[in-house]
Amino acid sequence: MSIVRPYGDATGDGMVQLSFTLPIPHDKRAEGAAVQLAGKMGMDPAMLVHAKQMGDGFTFFVVYGKVNHLVDTDKVQVVERDFPLLSAKEVNAVIKRRLRRRLNVVGACIGTDAHTVGIDAILNLKGIAGEKGLEYYSELSVTNMGAQVSVPDLVETAREKKADAVLVSQVVTQRDAHLLNTRAMSAAFREALPAGKRPLLIVGGPRFDELMAGDLGVDRIFSRGTTPREVASYLVHALVGSSS
Amino acid sequence: MSIVRPYGDATGDGMVQLSFTLPIPHDKRAEGAAVQLAGKMGMDPAMLVHAKQMGDGFTFFVVYGKVNHLVDTDKVQVVERDFPLLSAKEVNAVIKRRLRRRLNVVGACIGTDAHTVGIDAILNLKGIAGEKGLEYYSELSVTNMGAQVSVPDLVETAREKKADAVLVSQVVTQRDAHLLNTRAMSAAFREALPAGKRPLLIVGGPRFDELMAGDLGVDRIFSRGTTPREVASYLVHALVGSSS
Amino acid sequence: MAGKLDLDPRVVARARKLAARAGQPVVDLARSHTTVSVERAVLRLAGVRGADADGIPWVNRLVDAVREDVGLGHGVAVPVFHALASTGVEDVTVLAQKAAAGAVRFAVPDKKGEITAARRAASRAARAGLKQVDRRRAERDRLIKRYGDPKQRPWIYLIVATGDIYEDIPQAQAAARAGADVIAVIRSTGQSLLDYVPEGATREGFAGTYATQENFRLMRAALDETSKELGRYIRLTNYASGLCMPEIAALAGLERLDMMLNDSMYGILFRDINPIRTFVDQRFSRQVHARAGIIINTGEDNYLTTADAVEAAHTVTVSQLLNEFFAHEAGLENWQLGLGHAFEINPDLPDSFRLELAHALLARELFPDAPLKWMPPTKHMTGDVFRGNLLDGFFNLAGALTGQGILLVGMMTEAVVTPWLSDRDIALQNVRYVLNGAGNLHEDFTPGPFIRGRAEQVLTEAIDLLERIVDDTLLDAIADGTFGIMKRPADRGKGLDGVAKQDEDYYNPVTEGLE
Amino acid sequence: MAGKLDLDPRVVARARKLAARAGQPVVDLARSHTTVSVERAVLRLAGVRGADADGIPWVNRLVDAVREDVGLGHGVAVPVFHALASTGVEDVTVLAQKAAAGAVRFAVPDKKGEITAARRAASRAARAGLKQVDRRRAERDRLIKRYGDPKQRPWIYLIVATGDIYEDIPQAQAAARAGADVIAVIRSTGQSLLDYVPEGATREGFAGTYATQENFRLMRAALDETSKELGRYIRLTNYASGLCMPEIAALAGLERLDMMLNDSMYGILFRDINPIRTFVDQRFSRQVHARAGIIINTGEDNYLTTADAVEAAHTVTVSQLLNEFFAHEAGLENWQLGLGHAFEINPDLPDSFRLELAHALLARELFPDAPLKWMPPTKHMTGDVFRGNLLDGFFNLAGALTGQGILLVGMMTEAVVTPWLSDRDIALQNVRYVLNGAGNLHEDFTPGPFIRGRAEQVLTEAIDLLERIVDDTLLDAIADGTFGIMKRPADRGKGLDGVAKQDEDYYNPVTEGLE
Ligand code: B12
Ligand code: B12
Ligand SMILES: Cc1ncc(COP(=O)(O)O)c(C=O)c1O
Ligand SMILES: Cc1ncc(COP(=O)(O)O)c(C=O)c1O
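Protein chains in written order, with UniProt numbering: chain V, 1 to 244; chain P, 1 to 244; chain R, 1 to 515; chain X, 1 to 515.
Calculated from the structure, these hints are not laboratory results. Some clues are possibly wrong.
Below, in silico cross-link-like pairs of lysine-lysine (BS3-like), each with a Cα-Cα straight-line distance of 30 Å or less [as the list claims (entries may be wrong)]:
id: 1; chain 1: X; residue 1: K487; chain 2: V; residue 2: K161
id: 2; chain 1: P; residue 1: K66; chain 2: X; residue 2: K379
id: 3; chain 1: V; residue 1: K52; chain 2: P; residue 2: K132
id: 4; chain 1: P; residue 1: K75; chain 2: V; residue 2: K40
id: 5; chain 1: V; residue 1: K40; chain 2: P; residue 2: K28
id: 6; chain 1: R; residue 1: K487; chain 2: R; residue 2: K17
id: 7; chain 1: R; residue 1: K17; chain 2: P; residue 2: K126
id: 8; chain 1: R; residue 1: K487; chain 2: R; residue 2: K501
id: 9; chain 1: X; residue 1: K112; chain 2: P; residue 2: K52
id: 10; chain 1: R; residue 1: K151; chain 2: V; residue 2: K52
id: 11; chain 1: P; residue 1: K40; chain 2: P; residue 2: K75
id: 12; chain 1: P; residue 1: K126; chain 2: R; residue 2: K487
id: 13; chain 1: V; residue 1: K66; chain 2: P; residue 2: K89
id: 14; chain 1: P; residue 1: K161; chain 2: P; residue 2: K89
id: 15; chain 1: V; residue 1: K89; chain 2: V; residue 2: K40
id: 16; chain 1: R; residue 1: K151; chain 2: R; residue 2: K487
id: 17; chain 1: V; residue 1: K52; chain 2: P; residue 2: K161
id: 18; chain 1: V; residue 1: K52; chain 2: X; residue 2: K228
id: 19; chain 1: P; residue 1: K40; chain 2: V; residue 2: K28
id: 20; chain 1: P; residue 1: K40; chain 2: V; residue 2: K66
id: 21; chain 1: X; residue 1: K487; chain 2: V; residue 2: K132
id: 22; chain 1: R; residue 1: K501; chain 2: P; residue 2: K132
id: 23; chain 1: P; residue 1: K40; chain 2: V; residue 2: K52
id: 24; chain 1: R; residue 1: K494; chain 2: P; residue 2: K162
id: 25; chain 1: P; residue 1: K28; chain 2: V; residue 2: K66
id: 26; chain 1: V; residue 1: K126; chain 2: P; residue 2: K162
id: 27; chain 1: V; residue 1: K75; chain 2: V; residue 2: K126
id: 28; chain 1: R; residue 1: K379; chain 2: V; residue 2: K28
id: 29; chain 1: P; residue 1: K40; chain 2: V; residue 2: K126
id: 30; chain 1: P; residue 1: K162; chain 2: V; residue 2: K28
id: 31; chain 1: P; residue 1: K96; chain 2: P; residue 2: K132
id: 32; chain 1: P; residue 1: K28; chain 2: V; residue 2: K132
id: 33; chain 1: V; residue 1: K66; chain 2: R; residue 2: K501
id: 34; chain 1: R; residue 1: K151; chain 2: P; residue 2: K52
id: 35; chain 1: X; residue 1: K98; chain 2: X; residue 2: K112
id: 36; chain 1: X; residue 1: K494; chain 2: V; residue 2: K162
id: 37; chain 1: V; residue 1: K132; chain 2: X; residue 2: K379
id: 38; chain 1: X; residue 1: K112; chain 2: V; residue 2: K52
id: 39; chain 1: P; residue 1: K126; chain 2: R; residue 2: K111
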């Protein structure tokens, strides 16, 4: 199945639901404007089913209708997992056998972001979704710097701990805070350390686009629903090489 | 204000909410497909914030993001009321003075549609939204044929009652039932009566596009939230001429 | 659950007695008339199958032919089985085909012996049909024993309405997997006014799928599979309503449907079907449902889409009492009475939710043994689907708090489209959240003066109305717009020409088996 | 409302006594220390205004200079007012500027007379500041009298968070017109860790707007207009939290803010601020709030975003009891205690809603005179905004059923974005529906064994925990991760270097006025 369309209640009907606000008071013209927008988005016919003025100059709309766009699932770009998913045992075994020392991981939530639940879920013993965090892995040495860590402090700690990998979390996305902070972080590492000595840079957070790693200057991005095992497996893959 | 954009929480941010189902199981590729569709609709960046598989082969998505389309409120096409809104008193007075007989109105809900609440709201004494229905107007003679009236019966009754106007309601829209029925109705009147003798044809219902009158072969379309006074005023305007 | 309102049992008994008095004349009417559809149902049970090339069922052709020759007053059984005997045709369907070709004439035999013979043959044929119904009922009992009933009350009831039985089936199965206990296949608009039951599998309905014997069979088979897969017996619902109510009831019995929408007044009020036609058809169809072990769902909820849910609350109660009386009279037991009511109060009204609780609890306590059917908000739903999902949540809560039996799942897109796949999923998630998180809240629900006062008031108004109906007759009350503000005089409406007074010698082998 | 759980008053009294015993050592600590921010707050009340070209407030420059010369242990008041007298500068702000330029040296005078003179001058200046606070409080009382309080409980509390005060203002006004009784301007991420309060009107916050005196003034003025327009006094809320808690409390008093988020442990747990720093700052800021007639909102809700809401329910109760003790000790009255709790139980848990009711009712009955702050679901909100709106509806219902005082309006987009204009509108519509339609349902709510049992269990667990804290000390309990699973040792965390032990001769003219 490579070409599909949205499905309302019959194959091929193309139906979608859309809502938005326009900064204009509610009248017939505003409704027309809402339909115009839906039209530009490819909805035809577009049924305006709800319009409600909010305050003086704004109107909220709900539109249902058919879009004519086709979705080609063959053309979808995704970051598929390109490494084997290992168990904790395997991770430890591979590191022990190949690296013959513990792998150093430094984690932090940088900038003004104080949402540590995500990075804690990856790093702390407790873990998430029934999987233990990286601290549980005997061959990983984890330093969790916590929240609101400044980039210079992070670089400093990474250097001090001889970090093989740096794991950064960013949850706040308003005004693209997560992108700005990630770029600042990767630039600082590039500046502070020569290419060969730079740790693997990983960022994560619920609103990242995993395709943006190159753009942000990091090695890998993890998004919504990441589990510690995936991260551990990736670390092994990227730093130690294949498990065989 | 002629060019506007959707408003999330700041002027010009262009933010909208979208939801739809794709007929594919949930995985990374499906999420990519959802983002692809949002992209084709002009959302960039598109944040996929929810994905849930339903049954075996369907996934429901919620996407938030920025659309880049501009809305030009000057280019909006709407059917603006191009006639004065009269009171019941004025309506009666104009008909009396100009027409010197009562104006005959025949109403029905045609096809298999049995939703009479809308047409009743327009025709019956009780009315809607605090306005009395057309039966209240002493100079209008109203025949309400009720639900599920066949087109031949409607044409017959219109002829019998010497209808000046025929008011048809269509609420069910699945598989475009309302459009099919309206077209059948207007064609039947065209066939049955010569141009000069044909009553004014009006359709109404919550999901009509008021711009489609020509296409459907009717004189006027009334949509969501119509009140009896608007209809009465239009009847006077179209059948009797201006009120002055 | 019972007893939270402390209703006075004498007042309740009085309400029931009044309903019986108001209903009895209509029962008498129903017992003394027959209709084309009742007679066709008899023939269906007696074995007539299939349709002509135009899709007109042979039962229609046959009843029309009999009627042409001898009228309906004697019932079709004797003329038909007499003709069968006299023409030597073995099969009733073949007879129907011949009759349609004008090759058979019908008569009521003069000789007592011939009459007795025809009656006996008819009775034998009808009994075979009823036996099939009985087998289906036993089969249901077995399957329920094997797979089990839903774990929770209320049962979760979902509709599918694609218009195409082959789209309906996977959607129904998906809905069951997602948690539905009961699947209702909505009918195409317009079917209720067809004076025949379409044949075969259909893909061409508007906003619903035609009710046909084959569609019933296909869907029931699919849901049997799903019941097995899920270890929970999934019930199937359709509509024994409209001009063909008796026949559809018979088909439902033959194909093991589990519930049927079946109201004593819905067709009159909302389809402008003639009142007498409806009451006659009604009684017969209920007798069949009683035999088939089918739960009926009545349609009081519909009144609140045209009338105001607060002003007209007592008309719902009156109608429930009448539906109960008619149902008992036709042999249905309390567990088969899915009496309808709905969450339709304007949500902007102060205390709207508590008024809903008062109304729903009143129904619960008036009919403690009936599996009440609780309908979601429709009238005050708008295109604001976010608000819609919220209202549906409170509807679900009201259902749980007041111990409703069958929860018709509300859709956030009620005012927009017939439900999408995702709408059903969102709606079921809503139901699950409410039943799981607050389903036991009734333990903490002890109605105070406001709710109790309101329930008492509605009951009082219902009794006043019943008194008036007893004085004026039910038919006049219907003509006056008492229910759903729809005025329906007894001598008007569709299908009146399909009604006939029973002659002295009227014979109906099915009714004979059912009374 | 009170009395639905029949809590044993002796058990409740025991819980309070244990909280006092657990809290007292921390109070003693707070009374014997000062911090840079406490001292800066003193200077702000004493009249230092404005900031240098880099945006560093003169109070910071001045306190830093004093500290450099004589340390903080004496308090800054005497060195500063002594310097003022000895340099002949008239204005404290000018003095700060000179000090920043290195042109002033500070000392604690040796002579008793000089000390007394400096104290007297400082006291006079501080009293002027406090008088302004008093005037603001009287003004609030007047405006409330004129425009009135909200018609209903709970008060409806909405946040704005654009990052730009000039976008915040119209959004706040729109929210008030749409029904909000309280507007909270969320702060920019990161402000809590700034060891100074930014100056002026700001447009550059992330996910919130900087708390500045000028922003306070602008928003309060705008809401005064709106209060007039609506005939209802709209309250304004901000955060006295983070490293500058005392100063922000002072600015709130000076600009007539009405409520402040102000918790005894939030900064420790969620901003990794040093515990001692926090407790010292906390006590001072609460004394200011007490004087200013400001309602505080505590932050127990936050624990449930990191800890599980069922497992950790008793930690919320313990924290509320501690917050109450610290608040009373600092002079706050019960009507000023917006104790926090939240609807954060996993909605998939059986009886989740009833557990919420048990927890919320326990808080209600433990603190019958406090205007509890009821926080919406956040942790279990997802991108499924339809479900989100439903959960928010049940949150609103729980608030109404258990008589919460301040309802923080939940947003369906909680897991997606900071609230959009339309999110607020949909959320308010949700609140209106629930309060209007089911707001009085508490009349019909009589907790049964499940809810009562759960409340009792939480209270018992809370007492057990308090006993352990009394034995181990509160500081150790915090270090062990008792609250919100965050481990925060007393000798770690940000801002510790801003803490000083009070010397024998410590003098603080504001505390003097407030104790
Ligand atoms: C819990 C929470 C808080 C807690 C944080 C406690 C703590 N110690 O972390 C408290 C109450 C303190 C808080 C405060 C604030 N919050 Co908050 N908060 C949330 C909330 C409810 C849940 C976040 C969470 O814990 N998710 C669970 C974790 C497990 O998921 P996750 O972070 O996505 O992590 C997973 C993946 O993304 C990935 N991952 C994440 N990081 C990393 C890193 C690496 C290296 C890897 C490999 C993977 C990875 O793996 C994780 C496990 O699967 C969300 C709303 C929501 N429901 O999402 C708002 C939310 C994130 N908060 C928000 C805001 C604005 C704030 C405040 C700024 C509000 C204010 N102005 O006061 C404050 C200040 C916070 C600050 N300075 O950053 C906004 C952000 C809006 C935006 N998109 O920009 C949200 C979305 C709420 C909202 N709609 O307004 N918050
Ligand atoms: C009430 C109702 C019913 C009642 C109808 C009672 C009656 N006597 O009318 C009952 C319960 C019988 C019913 C049955 C069904 N219904 Co119905 N029903 C509704 C409901 C809840 C409200 C409709 C309504 O009364 N609106 C109020 C009136 C005042 O608004 P209105 O019709 O838009 O009219 C206004 C304007 O549009 C305009 N107008 C309308 N007509 C005209 C005509 C003229 C000339 C003019 C000038 C103006 C005008 O002016 C009116 C006043 O402002 C809607 C859901 C909803 N909330 O909208 C579903 C809905 C319309 N029903 C629906 C369906 C599918 C059915 C059924 C087919 C279901 C089934 N298979 O059993 C049946 C059968 C009906 C049939 N054969 O047509 C669907 C239609 C889906 C679609 N878009 O195609 C809806 C949307 C529900 C849903 N989501 O599935 N229904
Ligand atoms: C009793 C009853 N019959 C039938 C219907 C459906 O209408 P129709 O008969 O047109 O299929 C309903 C609608 O809910 C109903 O309640
Ligand atoms: C007491 C308290 N302070 C502050 C905040 C907000 O965080 P910040 O201090 O980073 O602005 C909260 C969050 O809800 C809180 O509850």
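A quick look at each hint next to the structure:
1. X:K487 - V:K161: Satisfied, since the Cα-Cα distance of roughly 22 Å is no more than 30 Å.
2. P:K66 - X:K379: At roughly 25 Å apart (the allowed maximum being 30 Å), X:K379 and P:K66 satisfy the hint.
3. V:K52 - P:K132: holds, 25 Å
4. P:K75 - V:K40: holds, 13 Å
5. V:K40 - P:K28: holds, 28 Å
6. R:K487 - R:K17: holds, 26 Å
7. R:K17 - P:K126: Violated - the C-alpha atoms of P:K126 and R:K17 are around 35 Å apart, more than 30 Å.
8. R:K487 - R:K501: holds, 24 Å
9. X:K112 - P:K52: Given that 30 Å is the threshold and the Cα spacing comes to 76 Å, the pair is violated.
10. R:K151 - V:K52: Violated. R:K151 to V:K52 sits at ~41 Å, over the 30 Å cutoff.
11. P:K40 - P:K75: holds, 23 Å
12. P:K126 - R:K487: holds, 14 Å
13. V:K66 - P:K89: violated, 44 Å
14. P:K161 - P:K89: Holds - the C-alpha atoms of P:K89 and P:K161 are around 24 Å apart, at most 30 Å.
15. V:K89 - V:K40: Not OK: V:K89 and V:K40 at ~54 Å, beyond 30 Å, violated.
16. R:K151 - R:K487: violated, 43 Å
17. V:K52 - P:K161: Violated, at about 41 Å.
18. V:K52 - X:K228: Holds, at roughly 25 Å.
19. P:K40 - V:K28: holds, 28 Å
20. P:K40 - V:K66: OK: P:K40 and V:K66 at ~13 Å, within 30 Å.
21. X:K487 - V:K132: Status holds; Cα separation ~19 Å.
22. R:K501 - P:K132: Roughly 43 Å separates the two Cα atoms, so the pair is violated.
23. P:K40 - V:K52: With Cα atoms ~27 Å apart, P:K40 and V:K52 stay inside 30 Å; holds.
24. R:K494 - P:K162: holds, 25 Å
25. P:K28 - V:K66: Status holds; Cα separation ~25 Å.
26. V:K126 - P:K162: violated, 82 Å
27. V:K75 - V:K126: violated, 38 Å
28. R:K379 - V:K28: With a Cα-Cα distance of about 24 Å, the restraint between R:K379 and V:K28 holds, given a limit of 30 Å.
29. P:K40 - V:K126: Violated, at about 41 Å.
30. P:K162 - V:K28: Distance of about 34 Å is beyond 30 Å: violated.
31. P:K96 - P:K132: holds, 19 Å
32. P:K28 - V:K132: Cα-Cα ~23 Å, so holds.
33. V:K66 - R:K501: Measuring from Cα to Cα gives roughly 53 Å; hence the hint is violated.
34. R:K151 - P:K52: Judged against 30 Å, a Cα distance of about 25 Å means the pair holds.
35. X:K98 - X:K112: At roughly 26 Å apart (the allowed maximum being 30 Å), X:K112 and X:K98 satisfy the hint.
36. X:K494 - V:K162: holds, 25 Å
37. V:K132 - X:K379: Satisfied, since the Cα-Cα distance of roughly 20 Å is no more than 30 Å.
38. X:K112 - V:K52: The hint is violated at about 71 Å.
39. P:K126 - R:K111: violated, 61 Å
The earlier numbered hints that this structure contradicts are 7, 9, 10, 13, 15, 16, 17, 22, 26, 27, 29, 30, 33, 38 and 39.
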